[in-house]
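**Q** Next come the chains, spelled out residue by residue.
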Amino acid sequence: MLLELKDITKSFSGVDGDVEVLRGVSLELDAGQTLALTGESGSGKSTILHISAGLEVPDGGSLHLEGIEINGLGEAERANLRRSEIGIVFQQFNLIPSLTVEANIGFQAALAGRRDKIFESELVEVLGLTDQLKKYPESLSGGQQQRVAIARALAVRPKLLLADEPTGNLDESTSSAVLTAMLDLVGRTGAALMVVTHSAALADKMDRRVRLKGGVLL
Amino acid sequence: MTNTILRALLSYWWRSPLQLFTFLMGLALATGLWSGVQAINSEARASYDAAAATLGEGQFDQLVPRAGDRIPQSVYINLRRAAWLVSPVLDVTYKGVRFVGIDPLTTPTQMSFSSDAGFSLEDTDLIFGNAKVASVLEGFVDVIIDKSIPPGIAIADIGVVQRLFKRSDLSRLMILPEQPIRRPDLVEIAPELVVQPSQQIADVAALTDSFHLNLTAFGFLSFAVGLFIVHSTIGLAFEQRRGMIRTLRSLGVPLSNLLSLIIVEMGLLVLVGAILGIVMGYTIAAMLLPDVAATVEGLYGARVSGTLSLRPEWWLSGIGLAFLGAGMALAVRIWQIMQMPLLSAVQPRAWAIASAKRIRGIAILGMILLGFSGLLALIGTGLGQAFALIGFLLIGSALVLPWLTIKLLDFAPGKGVVTSWFWADTRQQMPGLSLALIALLLAVSANIGVSTMVSSFRVTFVSFLDQRLAPELFVRVDEEKTASALEKYLLERDIEVLPLLTVERPVVGQPAKLYGVRVGRTYRESWQFLGADPDVWDQVARGEAVIVNEQLARRNNLWVADEVDIAPGLNLPIAAVVGDYGNPQGQVVMGELLFRKLYPNAVATSFGIRTTDTANLRKAIQADLEVPDSGIINQASIKNMSLEVFERTFAVTAALNILTLGVAGFAMLMSLLTLAGMRTPQLAPVWALGLTRTRLGVLELARALGLSLIVFICAIPLGLALAWALLNFVNVEAFGWQLPMFFFPADYAFLGGLAVLATLIAAAWPAIQMVRKPPAALLKVFSSER
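As given, the protein sequences belong to chains A and B, one line each in that order. Residue numbering for the first sequence is 6 to 223, as defined by my numbering. Residue numbering for the second sequence is 2 to 787, as defined by my numbering.
These are calculated hints, taken from the structure and not from any lab test. There may be inaccurate statements among the hints.
[Said to hold, decoys possible] If you want the ones that stay clear, here's a sample from chain A, every Cβ over 10 Å from chain B, calculated:
no., residue
1, E80
2, A108
3, G118
4, S126
5, E130
6, G133
7, R213
[Unchecked claim] Pairs of lysine-lysine, DSSO-like flavour, derived with a Cα cap of 27 Å:
no., chain 1, residue 1, chain 2, residue 2
8, A, K140, B, K514
9, B, K408, B, K489
10, B, K598, B, K620
11, B, K774, A, K139
Idealized CB from N, CA, C, for every residue including glycine.
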């Protein structure tokens with residue numbers, strides 16, 4: 006078992022008091038497995054993803070990554086784990102605007118101290134970014150930026166890849182191309198993939214599909 | 002990991018060269034003006050210290066003549082024989098160089114030195130001085146150059162100086178600290194001498210403290226304006242990097258590592274900016290130092306070296322202050338990052354759009370500071386309070402300005418759609434522009450304040466010169482015999498002659514000059530008083546009262562009708578207080594008859610002469626009495642010379658004024674450029690709705706013009722309040738005199754024109770950028786892929 010979430014609860018304070026976003030969610034993901042997390046807006050999909058990445062701390066329940074209890078780790082230890090074992094693809098790409106495409110792709114791997122330039126070149130080629138390496142993110146289209154974000158997340162060879170609406174900002178054909186490339190690369194690296202999506206087409210391509218409603222898994 | 006994070010952080014500056022430039026220049030300007038002023042101050046203080054250490058002035062008690070300025074050598078020999086341990090000194094001034102003759106074997110000072118070349122005073126008949134003195138005396142005597150000798154001074158064995166100037170007497174005798182237990186009283190051995198305690202000898206360092214404090218205040222003002230720029234740039238940089246910081250943390254950079262590296266990154270940048278500032282400060286100081294030297298010599302008679310040394314005390318203080326100032330701005334941002342949730346939304350919020358509530362809160366704080374300033378104006382005394390008053394006044398006004406400007410914009414004219422948008426947009430930009438407007442307000446009001454002070458001083462000083470320099474000719478002779486012959490010669494020709502009798506003696510425990518004047522038409526008609534009895538000159542002529550200068554009156558709180566001691570056991574009432582704008586020392590003026598009675602040994606060697614035919618009288622005096630041409634000076638020459646000294650005195654102030662205005666102009670330029678880069682999303686919709694880029698550019702210029710006019714209008718009352726505080730508090734403490742305040746509307750209008758011009762130049766660049774912005778850049782705002 007790579008990732009195990011058990012009875013996870015999480016609330017956020019809002020204008021009308023606390024809002025319970027997750028109400029005892031349990032979920033498992035094996036190495037190399039792909040999972041689509043679907044549900045309506047506000048159902049808690051992104052919160053599960055953030056908790057799995059150690060970006061948020063749940064109010065209750067337990068969370069294990071390769072047997073390690075993440076909830077018990079401090080901020081710095083969670084950051085270390087994220088840096089070396091988890092790749093994240095954000096909906097808004099979150100590239101570093103002042104670094105070139107090339108530097109962005111190698112950034113997390115460099116942070117983790119395991120940069121592999123041959124593998125990066127492979128990613129660049131598969132994702133069709135060869136001509137964009139010296140450019141800055143601002144001069145790329147949305148689809149190109151998303152591909153850079155995927156390359157950055159995979160370049161560190163993570164055990165777990167988390168993607169939040171990775172094709173949400175893309176048109177249909179770009180979306181399909183990006184998704185195909187991502188799944189191909191995930192398969193080659195052996196990473197597990199959890200994708201948050203509204204897209205039924207994307208969800209259909211995953212090994213498993215779970216739906217979230219009102220803070221519980223259906 | 003460290004290198005990767007640091008490279009990412011620094012890449013922001015690489016991709017934002019304008020902000021990097023603003024940051025470094027802001028720091029460099031802040032540090033530059035501050036350290037420039039500190040460099041000048043430390044150079045001056047080093048010169049005073051060198052003079053005090055070398056010449057022993059202010060360190061040892063001295064014996065000086067009761068009257069006149071010469072001591073016969075026999076008196077010295079008698080004192081030594083009577084076991085008085087004293088060391089002789091002969092002071093002679095030639096070509097502006099003060100020759101100090103000492104006895105190397107007995108002197109208590111640090112003058113028994115060896116020069117760089119290995120020469121020493123005991124060795125031979127050598128004269129020592131610095132390079133400048135050597136060049137002045139070239140062709141007259143050979144000078145061994147020694148850097149440690151204070152500026153303007155040539156030191157030699159007393160015998161050498163006596164031979165050089167054909168003198169056989171002495172000027173003063175330094176009393177050695179160690180004296181035998183039993184020795185006869187001074188009155189038994191040398192009744193014509195008097196002991197002058199060391200603390201009564203004018204200490205130039207203390208006298209000039211106020212002047213240097215004034216410079217420091219100017220440096221600090223510029224530093225504050227520069228820090229506004231730095232604070233603003235750091236704020237903008239952090240707002241723009243919120244996204245990057247979030248990404249770094251989500252990619253696994255621990256917060257503690259990130260904060261440490263941000264501190265390292267900022268530290269590196271601050272160091273670069275501070276070093277640039279030190280270079281700038283050195284350049285400024287090197288340019289201003291000759292004028293400062295002229296000022297302190299003109300005002301206080303103190304000599305300052307004209308060359309600048311790289312002293313650690315000023316460049317370290319500059320770097321330290323740069324780190325402190327930037328650190329304060331950085332601490333706020335670090336705290337914000339620590340509070341920022343890892344997943345907080347990255348909104349391009351905060352920097353340019355602060356809430357109206359915040360501006361109102363800041364304005365309330367400003368009003369409280371203005372209240373403190375008013376309170377200090379009512380109850381404060383002393384230089385510290387005067388500067389606190391000015392500080393509260395300037396900072397308080399600066400904090401109120403953004404709120405006041407928004408309020409004034411509510412009254413802006415115009416009803417059209419574009420006009421309404423224009424004013425609303427201007428109001429919305431106020432938070433982003435407020436720092437630049439504050440910098441402009443401080444610079445313009447400082448200019449108005451200081452120029453009002455200087456111009457008021459000039460008007461008063463010219464009138465003072467007219468009073469004091471009424472005689473058309475001034476003659477100085479060297480010998481008593483020539484002096485009496487000259488007086489007799491002029492009286493025989495029925496020419497009014499005004500002998501200038503003077504002695505130095507402590508009055509109310511402080512060094513002062515006593516003058517004996519021949520009361521007549523000239524004094525009665527020319528002199529104006531700050532306060533006087535109706536028959537002041539009659540009382541003075543009868544020897545029943547004296548006149549004192551303002552410095553003495555203020556220092557000792559002695560005014561008309563109070564009594565002052567003018568000789569052992571003789572106190573006389575003060576009949577008038579006279580303004581005296583040329584020296585820091587106390588002065589007492591009494592009638593000639595009384596003076597001659599009290600100080601019979603004093604001889605007048607300077608005379609003022611009233612004549613309508615200066616050219617012929619000058620020739621006649623030269624021919625008949627063999628007075629050298631250099632001993633006769635026309636009134637016009639002295640006036641010109643005095644005005645020249647005056648102008649040089651304030652050359653430093655004028656230069657600092659211009660530099661401060663330059664810093665404010667730079668702050669304005671940088672703020673407008675920074676805002677221009679962020680305003681595309683606001684301008685693009687207006688452009689899309691039909692306003693051309695040219696019109697938008699013109700509106701940007703109009704906005705800058707309107708805002709600078711508002712700032713200028715606010716700066717006038719603030720500048721005048723500053724002038725009032727300078728004239729009524731700072732000047733009184735710094736120079737010892739109070740000046741009347743005059744107004745100079747034409748000067749203010751010119752300054753207003755300059756401020757508006759500076760703003761328009763600053764606004765022109767972003768306006769041109771707007772006009773030239775490609776439509777694609779504006780369209781990008783509407784792109785869903787953005």
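**Q** If a hint holds in the structure, say so; if it does not, say that too.
**A** These are the hints, each one checked on the structure:
Against chain B, the non-interface label of A:E80 is violated: not every CB pair exceeds 10 Å, the least being about 6 Å. At the 10 Å boundary, the C-beta of A:A108 falls inside the reach of chain B, the nearest C-beta of that chain being 8 Å off. A Cβ of chain B approaches the Cβ of A:G118 within 10 Å, the least distance being about 7 Å, so the stated non-interface status is violated. No Cβ of chain B comes within 10 Å of the Cβ of A:S126; the nearest lies about 19 Å off, and the non-interface call holds.
For A:E130, the non-interface assignment is confirmed: its Cβ lies about 23 Å from the closest Cβ of chain B, beyond the 10 Å cut-off. Taking the minimum C-beta to C-beta distance to chain B, about 17 Å, the non-interface status of A:G133 holds against the 10 Å cut. A:R213, annotated as away from the interface, keeps every beta carbon of chain B farther than 10 Å; the closest lies near 25 Å. Among the hinted pairs, A:K140 with B:K514 is inconsistent with the structure: their alpha-carbon atoms are about 79 Å apart, more than 27 Å.
About 76 Å separates the Cα atoms of B:K408 and B:K489, which puts this hinted pair outside 27 Å; it is violated. With a CA separation close to 34 Å, the supplied pair B:K598 and B:K620 exceeds the 27 Å bound. For the given pair, B:K774 sits about 24 Å from A:K139 by alpha-carbon distance, which is consistent with the 27 Å threshold.
Comparing the model with each numbered hint stated earlier shows that hints 1, 2, 3, 8, 9 and 10 do not hold.
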